[in-house]
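Chain by chain, the residues:
Number of protein chains: 2
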Amino acid sequence: MEYPSKLIEEAVNEVSKLPGIGKKTALRLVLHLVKENENRTLALTESLNKLRANIKFCKTCFNISDEEECAICRSHRRDKSILCVVEESNDVMAIENTSQYTGIYHVLGGVISPINGIGPSELKIEQLLSRISQKQNEIKEVILALSPTMEGDTTAFYINRKLKDLNVKVTSIARGVSIGGNLEYTDEITLGRSITARVLFD
Amino acid sequence: MEYPSKLIEEAVNEVSKLPGIGKKTALRLVLHLVKENENRTLALTESLNKLRANIKFCKTCFNISDEEECAICRSHRRDKSILCVVEESNDVMAIENTSQYTGIYHVLGGVISPINGIGPSELKIEQLLSRISQKQNEIKEVILALSPTMEGDTTAFYINRKLKDLNVKVTSIARGVSIGGNLEYTDEITLGRSITARVLFD
Numbered sequence: 000m001e002y003p004s005k006l007i008e009e010a011v012n013e014v015s016k017l018p019g020i021g022k023k024t025a026l027r028l029v030l031h032l033v034k035e036n037e038n039r040t041l042a043l044t045e046s047l048n049k050l051r052a053n054i055k056f057c058k059t060c061f062n063i064s065d066e067e068e069c070a071i072c073r074s075h076r077r078d079k080s081i082l083c084v085v086e087e088s089n090d091v092m093a094i095e096n097t098s099q100y101t102g103i104y105h106v107l108g109g110v111i112s113p114i115n116g117i118g119p120s121e122l123k124i125e126q127l128l129s130r131i132s133q134k135q136n137e138i139k140e141v142i143l144a145l146s147p148t149m150e151g152d153t154t155a156f157y158i159n160r161k162l163k164d165l166n167v168k169v170t171s172i173a174r175g176v177s178i179g180g181n182l183e184y185t186d187e188i189t190l191g192r193s194i195t196a197r198v199l200f201d
Numbered sequence: 000m001e002y003p004s005k006l007i008e009e010a011v012n013e014v015s016k017l018p019g020i021g022k023k024t025a026l027r028l029v030l031h032l033v034k035e036n037e038n039r040t041l042a043l044t045e046s047l048n049k050l051r052a053n054i055k056f057c058k059t060c061f062n063i064s065d066e067e068e069c070a071i072c073r074s075h076r077r078d079k080s081i082l083c084v085v086e087e088s089n090d091v092m093a094i095e096n097t098s099q100y101t102g103i104y105h106v107l108g109g110v111i112s113p114i115n116g117i118g119p120s121e122l123k124i125e126q127l128l129s130r131i132s133q134k135q136n137e138i139k140e141v142i143l144a145l146s147p148t149m150e151g152d153t154t155a156f157y158i159n160r161k162l163k164d165l166n167v168k169v170t171s172i173a174r175g176v177s178i179g180g181n182l183e184y185t186d187e188i189t190l191g192r193s194i195t196a197r198v199l200f201d
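Protein sequence lines, in the order shown, are assigned to chains E and G. For the first sequence, numbering that gives the first Met the number 0 begins at 0 and goes up steadily by one. For the second sequence, numbering that gives the first Met the number 0 begins at 0 and goes up steadily by one.
So that you can see chain E by itself, here it is in the shape it has in the complex (with noise of 0.2 angstroms):
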């Protein structure tokens, strides 16, 4: 496409290289951007900026945090038995959502992925490791809520084999047809594995 500007050419590929967002999407918000008041786009460059200069991650659970431990880990109210291990924060928030859940977390920042060049040592496993050999009375069970995808699974089952000598329960959020879907279109490797794994009723 050609631009009417070299100044609208460089923010259409700067902000193309988000993810999900083509040229054309970013020529719309670039364009809606030029047509607002100038303040606007400060207001909106100053909020990135300042969250990538400053942002912290929790030195616990490496769940994204104002502070040097975040809020979870520093409440008294969590139930530090339970420890849920998951990929990202947003998985963190996620869960929190449900609430469902009043335990710990901790977060791996990724999944083990060979193709994306993503290996054990990329991710917070090691920290993972030490921190439930050093709370070994403390922590019970961990819950591994990772994605149901194959790299998902690899890491699972990497983590588990690893936590065979530590003396915690290892689990994983449970997996099957979606509450409110309709079986009809739920895609067969879940539907077939829902019958697999079926539990008793309650």
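Among the hints, a few may not be true.
No distinction is drawn between identical chains; accordingly, a pair holds when it is met within one copy or between any pair of copies.
Heads up, simulated DSS-like pairs for lysine-lysine below, C-alpha to C-alpha not over 30 angstroms straight-line [as the list claims (entries may be wrong)]:
1) Lys-22 to Lys-49
2) Lys-58 to Lys-22
3) Lys-134 to Lys-55
4) Lys-123 to Lys-22
5) Lys-16 to Lys-5
6) Lys-34 to Lys-161
7) Lys-58 to Lys-23
8) Lys-139 to Lys-16
9) Lys-23 to Lys-55
10) Lys-22 to Lys-134
11) Lys-123 to Lys-16
12) Lys-34 to Lys-58
13) Lys-161 to Lys-22
14) Lys-16 to Lys-49
15) Lys-139 to Lys-22
16) Lys-55 to Lys-5
17) Lys-34 to Lys-55
18) Lys-49 to Lys-163
19) Lys-139 to Lys-161
20) Lys-23 to Lys-123
21) Lys-5 to Lys-123
No lab work stands behind these hints, which were simulated from the structure alone.
The hints should help you fit chain G onto chain E, whose structure is shown.
Just chain G now, with coordinates in the frame of chain E:
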């Protein structure tokens, strides 16, 4: 939604003010920036700030431009006898991409929309009229290429009436069924009008 950090919350609020971007998408974009190198965020915000601070509008046609006058207005290859009136700069880009038009443009900066408080004086209509009256011997035809919506039609109607006294031919872009589209799936208003406004088979 509960955010793990005030910085994240502020960034999400700013990003989600962009058109078509909700809180969830904003969070995804913001977390992406946090995960990437800080230079990426700096490159993005710098390009947006630079754009907003230095963007110019052509003094003749009000299209976005790097110079005082845009490349199209300055070009000697363009047919200065046909002037195409559009809403925004991206309409110029869309028409330029067709390679079917060699005339010049005039960007209104929007359409008349009483609901949004946009009257004729908020747009570059006065400038369009004085431009045409100044070049009355040069500009022979004015093409109204506005959106086929209520607001676009109102604006076209208004401009057409204002152009009555000036000695120019006023045309409108053709409306009808989309090329490659299926008659069955064309909305009834478009299909109905395309029958009423049928043209000689060539």
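These are the hints, each one checked on the structure:
1. With identical chains, the CA atoms of Lys-22 and Lys-49 are at most 30 angstroms apart both within one copy (26 angstroms) and between copies (19 angstroms).
2. For a Cα distance limit of 30 angstroms, the shortest separation of Lys-58 from Lys-22 across copies, 27 angstroms, qualifies, whereas the shortest one inside one copy, 38 angstroms, does not.
3. Proximity of Lys-134 and Lys-55 under a CA criterion of 30 angstroms is satisfied intra-copy only: 24 angstroms inside one chain copy versus 62 angstroms between copies.
4. Taking the shortest alpha-carbon separations for Lys-123 and Lys-22, only the inter-copy value of 28 angstroms comes in at or below 30 angstroms, while the best intra-copy value is 35 angstroms.
5. Both within a single protomer and between protomers do Lys-16 and Lys-5 lie at most 30 angstroms apart by alpha-carbon distance, with minima of 17 angstroms and 25 angstroms respectively.
6. In the homo-oligomer, the alpha carbons of Lys-34 and Lys-161 lie at most 30 angstroms apart only across protomers (26 angstroms), although the nearest pairing inside one protomer, at 55 angstroms, exceeds that limit.
7. Proximity of Lys-58 to Lys-23 under the C-alpha cut-off of 30 angstroms is restricted to the inter-copy arrangement: shortest distance 26 angstroms between copies versus 40 angstroms within a copy.
8. Taking the shortest Cα distances, Lys-139 and Lys-16 never come within 30 angstroms of each other, neither inside one copy (43 angstroms) nor across copies (44 angstroms).
9. Proximity of Lys-23 to Lys-55 under the C-alpha cut-off of 30 angstroms is restricted to the inter-copy arrangement: shortest distance 21 angstroms between copies versus 33 angstroms within a copy.
10. With identical chains, the CA atoms of Lys-22 and Lys-134 are never at most 30 angstroms apart, being 50 angstroms at best within one copy and 37 angstroms at best between copies.
11. Within a single copy, Lys-123 and Lys-16 get their C-alpha atoms as close as 26 angstroms, which meets the 30 angstroms cut-off; across copies the closest is 34 angstroms, which misses it.
12. Taking identical chains as interchangeable, the C-alpha atoms of Lys-34 and Lys-58 lie at most 30 angstroms apart only when they sit on different chains, with a minimum of 16 angstroms there against 43 angstroms within one chain.
13. Proximity of Lys-161 to Lys-22 under the C-alpha cut-off of 30 angstroms is found in neither arrangement, the shortest distances being 44 angstroms within a copy and 37 angstroms between copies.
14. Both within a single protomer and between protomers do Lys-16 and Lys-49 lie at most 30 angstroms apart by alpha-carbon distance, with minima of 20 angstroms and 18 angstroms respectively.
15. Taking the shortest Cα distances, Lys-139 and Lys-22 never come within 30 angstroms of each other, neither inside one copy (49 angstroms) nor across copies (36 angstroms).
16. In this assembly of identical chains, Lys-55 and Lys-5 lie within 30 angstroms of each other by CA distance solely across copies; the values are 11 angstroms between and 35 angstroms within a copy.
17. For the homomeric pair Lys-34 and Lys-55, the shortest alpha-carbon distance between copies (11 angstroms) is at most 30 angstroms, but the shortest distance inside one copy (34 angstroms) is not.
18. For a Cα distance limit of 30 angstroms, the shortest separation of Lys-49 from Lys-163 qualifies neither inside one copy, at 42 angstroms, nor across copies, at 55 angstroms.
19. Taking the shortest alpha-carbon separations for Lys-139 and Lys-161, only the intra-copy value of 16 angstroms comes in at or below 30 angstroms, while the best inter-copy value is 80 angstroms.
20. In this homomeric assembly, Lys-23 and Lys-123 come within 30 angstroms of each other (Cα to Cα) only across copies, at 25 angstroms, whereas the closest approach inside a single copy is 37 angstroms.
21. Taking identical chains as interchangeable, the C-alpha atoms of Lys-5 and Lys-123 lie at most 30 angstroms apart only when they sit on different chains, with a minimum of 24 angstroms there against 42 angstroms within one chain.
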